[in-house]
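Start from the sequences, fold in the hints, and give me the full structure.
Number of protein chains: 2
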Amino acid sequence: MKRGFAPDEYRARLDRAQARMNDESLGAILLTTEPDVRYFTGYLTRFWESPSRPWFVILPASGLPIAVIPSIGAALMAQTWITDIRTWSAPDPADDGVTLLADALREVVGPSGGAVGVPSGPETHLRMPLGDYELLQAASGLNFTHDYGITASLRAVKSEAEIAKIAHICTIATRAFDRVAQIACEGVALSRVFRDFQRLLLEEGADWVPYLAGGAGPDGYGDVISPARDSALLRGDVMMLDTGAVWDGYFCDFDRNFAIGPASDQAKRAHAQLSDAVLAGEAAARPGARASDVFAAMAAITGGGEGAGRLGHGLGMQLTEGLSLTAQDHSELRPGMVITLEPGVVTGPDRLMVAEENIVIREGGAERLTRFSGKTLPVL
Amino acid sequence: MKRGFAPDEYRARLDRAQARMNDESLGAILLTTEPDVRYFTGYLTRFWESPSRPWFVILPASGLPIAVIPSIGAALMAQTWITDIRTWSAPDPADDGVTLLADALREVVGPSGGAVGVPSGPETHLRMPLGDYELLQAASGLNFTHDYGITASLRAVKSEAEIAKIAHICTIATRAFDRVAQIACEGVALSRVFRDFQRLLLEEGADWVPYLAGGAGPDGYGDVISPARDSALLRGDVMMLDTGAVWDGYFCDFDRNFAIGPASDQAKRAHAQLSDAVLAGEAAARPGARASDVFAAMAAITGGGEGAGRLGHGLGMQLTEGLSLTAQDHSELRPGMVITLEPGVVTGPDRLMVAEENIVIREGGAERLTRFSGKTLPVL
Numbered sequence: 415m416k417r418g419f420a421p422d423e424y425r426a427r428l429d430r431a432q433a434r435m436n437d438e439s440l441g442a443i444l445l446t447t448e449p450d451v452r453y454f455t456g457y458l459t460r461f462w463e464s465p466s467r468p469w470f471v472i473l474p475a476s477g478l479p480i481a482v483i484p485s486i487g488a489a490l491m492a493q494t495w496i497t498d499i500r501t502w503s504a505p506d507p508a509d510d511g512v513t514l515l516a517d518a519l520r521e522v523v524g525p526s527g528g529a530v531g532v533p534s535g536p537e538t539h540l541r542m543p544l545g546d547y548e549l550l551q552a553a554s555g556l557n558f559t560h561d562y563g564i565t566a567s568l569r570a571v572k573s574e575a576e577i578a579k580i581a582h583i584c585t586i587a588t589r590a591f592d593r594v595a596q597i598a599c600e601g602v603a604l605s606r607v608f609r610d611f612q613r614l615l616l617e618e619g620a621d622w623v624p625y626l627a628g629g630a631g632p633d634g635y636g637d638v639i640s641p642a643r644d645s646a647l648l649r650g651d652v653m654m655l656d657t658g659a660v661w662d663g664y665f666c667d668f669d670r671n672f673a674i675g676p677a678s679d680q681a682k683r684a685h686a687q688l689s690d691a692v693l694a695g696e697a698a699a700r701p702g703a704r705a706s707d708v709f710a711a712m713a714a715i716t717g718g719g720e721g722a723g724r725l726g727h728g729l730g731m732q733l734t735e736g737l738s739l740t741a742q743d744h745s746e747l748r749p750g751m752v753i754t755l756e757p758g759v760v761t762g763p764d765r766l767m768v769a770e771e772n773i774v775i776r777e778g779g780a781e782r783l784t785r786f787s788g789k790t791l792p793v794l
Numbered sequence: 415m416k417r418g419f420a421p422d423e424y425r426a427r428l429d430r431a432q433a434r435m436n437d438e439s440l441g442a443i444l445l446t447t448e449p450d451v452r453y454f455t456g457y458l459t460r461f462w463e464s465p466s467r468p469w470f471v472i473l474p475a476s477g478l479p480i481a482v483i484p485s486i487g488a489a490l491m492a493q494t495w496i497t498d499i500r501t502w503s504a505p506d507p508a509d510d511g512v513t514l515l516a517d518a519l520r521e522v523v524g525p526s527g528g529a530v531g532v533p534s535g536p537e538t539h540l541r542m543p544l545g546d547y548e549l550l551q552a553a554s555g556l557n558f559t560h561d562y563g564i565t566a567s568l569r570a571v572k573s574e575a576e577i578a579k580i581a582h583i584c585t586i587a588t589r590a591f592d593r594v595a596q597i598a599c600e601g602v603a604l605s606r607v608f609r610d611f612q613r614l615l616l617e618e619g620a621d622w623v624p625y626l627a628g629g630a631g632p633d634g635y636g637d638v639i640s641p642a643r644d645s646a647l648l649r650g651d652v653m654m655l656d657t658g659a660v661w662d663g664y665f666c667d668f669d670r671n672f673a674i675g676p677a678s679d680q681a682k683r684a685h686a687q688l689s690d691a692v693l694a695g696e697a698a699a700r701p702g703a704r705a706s707d708v709f710a711a712m713a714a715i716t717g718g719g720e721g722a723g724r725l726g727h728g729l730g731m732q733l734t735e736g737l738s739l740t741a742q743d744h745s746e747l748r749p750g751m752v753i754t755l756e757p758g759v760v761t762g763p764d765r766l767m768v769a770e771e772n773i774v775i776r777e778g779g780a781e782r783l784t785r786f787s788g789k790t791l792p793v794l
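Top line first, the protein sequences correspond to chains A and B. Residues are numbered in my numbering as their position in the first sequence, beginning at 1, plus a constant of 414. Residues are numbered in my numbering as their position in the second sequence, beginning at 1, plus a constant of 414.
Hints are supplied without guarantee of correctness; some may be wrong.
Chain copies aren't distinguished; within one or between two, either way the pair holds.
[To be verified] Below, simulated SDA-like cross-link-like pairs (lysine to any residue); rule was C-alpha separation at most 20 Å, straight line:
1. K416 to S640
2. K789 to A714
3. K416 to D743
4. K789 to A553
5. K789 to V594
6. K682 to L648
7. K416 to R643
Treat the hints as calculated values from the structure; they're not laboratory data. From a predicted model like this one, the values you see are computed outputs, not experimental measurements.
Structural data, given as structure tokens:
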């Protein structure tokens, strides 16, 4: 599996963005977050973990993107297809790139008089200090508005090269899940299982593991977002591990449930019901269907329990991105969208079990990216 | 080492914030990011990896914090010292917590008429969609302003309990670095070393590894932020690994250099020079000194090469936070600040070597949190 993308891929992304920008009379789009910058440039580094420096990429209405970035990133950015790279020595308490960015935006937008679009819709944030954003608006004298969801809508439909990367990390994580019996059984602390499962993911080929959650308890767990406890797994527990591991910047996001010792009838029933719900979601996940249709198909099996708060979501360059499988989200499924199917079943007071699988929407329907876990709850 | 903090610790943080808020006539502070929310609540989860849901905490000018969060987080937030927890079912495309938050802010600020402070200075961002922020301002009818740096200045000085957690993860990472000979030698791909080093960190007790960078090349490396290449380590390379690993939500951030096969005289000299620079920085890092003084002490040894762009920075709940060791940053060092000393030496065209150690500022001077690497470049 080759890392990175061919320059054509970035060119195509830019072309699609520029067509939409022209429709909306945007003079430029200003990008500030890791996935948005990476989507249009290929700039991949874990250095975003440091909040100390802002990073900017300008998509002009025509012509090539401009990177306005801290000088520490210049060498790595120069390895991408981006050629116009403007740098400053960050962090600079007097002017942390604001003047450089304002000048670049004026240069790009000036002739057209169009507005600068900034991603402002669901799941977005502006990754620069609010104080600097105000300075930028004043210094540039330009009109700032939202990006009309252009960035998000482009990212929602994956190319074949993107799908291949997601499929690759799904395969890696599947191999790690196949080895859980090596690290988990009655008496082992859940926190140790979390550590060791991250190790298995790395051994099987994940670049890194940005996300791991899960839980354990009799016939289910209390929630799906808590850090692991140091207490030991007990006979009769159901343990769940849910990982967002990454290969070349693309995520998988799926989980597996395991019974510690023989499973109770209730846990077995719940697991089978989750499997049925996943299959119902898979059948409903066809081009033209709405996110809410896939939600309804799964909720009909599980009795409407929301489980993890929604019954699935898009994924790709982020652990979760794009549509939500809820009753309220009527986004249309399109070929190339990658989503999770994540039904939940309530198994007791403050107890639930959750399943999660990953699929890609194809012309003919859903194609599996994970090897579905099936009805039978595995026993450790 | 115990996880979490006693409620007294959070109470003290809140008291200090409220004293400063009263000085600035703020009616409330609105927090939206993971470290800011965690600092005042203890809310710790890797679920922030998902960008789909905003999270809010309100610090009132008097009284206890209010969490305004997605319902999926209610159970975990209820395990913290926070008692006023208001939830909505997120993501909600019609109103993603905006009305609930506006109502809570009006309730808190209404009587005083004070403004709502939002962290807006260096290293901050607003973790909610800009579009929703505009709706919030309109819906609440309140005056929004910056937080006068209150949040950042409180977080910059660590309590003994915080320092103990940072020391703990430094010790864990030191043990992992002591095992690098088990995973790296001539012929091994750097990308494999990166994977295996993350595994060692987990085996030694890190909860997770948000950051790993490094490089390898003859007498040094090209930059310190690139992902690992799949090409093999060669005899004569200097390899550097720089990790930000986490225990209970607190980071270490330091690196180690290794020669692959016998080190060249130039690499040996550079490593010794880096060690001297670290010691000069350590000696200068006393209460009352400025960040720029520590920078100057190290730059005098290295000849002013900026290496990683600055010669160190604060750390704690984030990989980098607070002051920067640059000529421009005149922040005063205070007891309880935890910083890195990170000098760099240019070893050739587009080549450098960087050292990094972690210290805490005490009344009497610097106290080491890492076991300093010393002058001798280890050979693998």
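Structure-based check of each hint:
| no. | hint | in the structure |
| --- | --- | --- |
| 1 | K416 to S640 | between (35 Å within a copy, 17 Å between copies) |
| 2 | K789 to A714 | within (17 Å within a copy, 67 Å between copies) |
| 3 | K416 to D743 | neither (35 Å within a copy, 43 Å between copies) |
| 4 | K789 to A553 | neither (60 Å within a copy, 48 Å between copies) |
| 5 | K789 to V594 | within (18 Å within a copy, 43 Å between copies) |
| 6 | K682 to L648 | within (17 Å within a copy, 53 Å between copies) |
| 7 | K416 to R643 | between (38 Å within a copy, 12 Å between copies) |
Checked against the numbered hints given earlier, the structure breaks hints 3 and 4 and satisfies all the rest.
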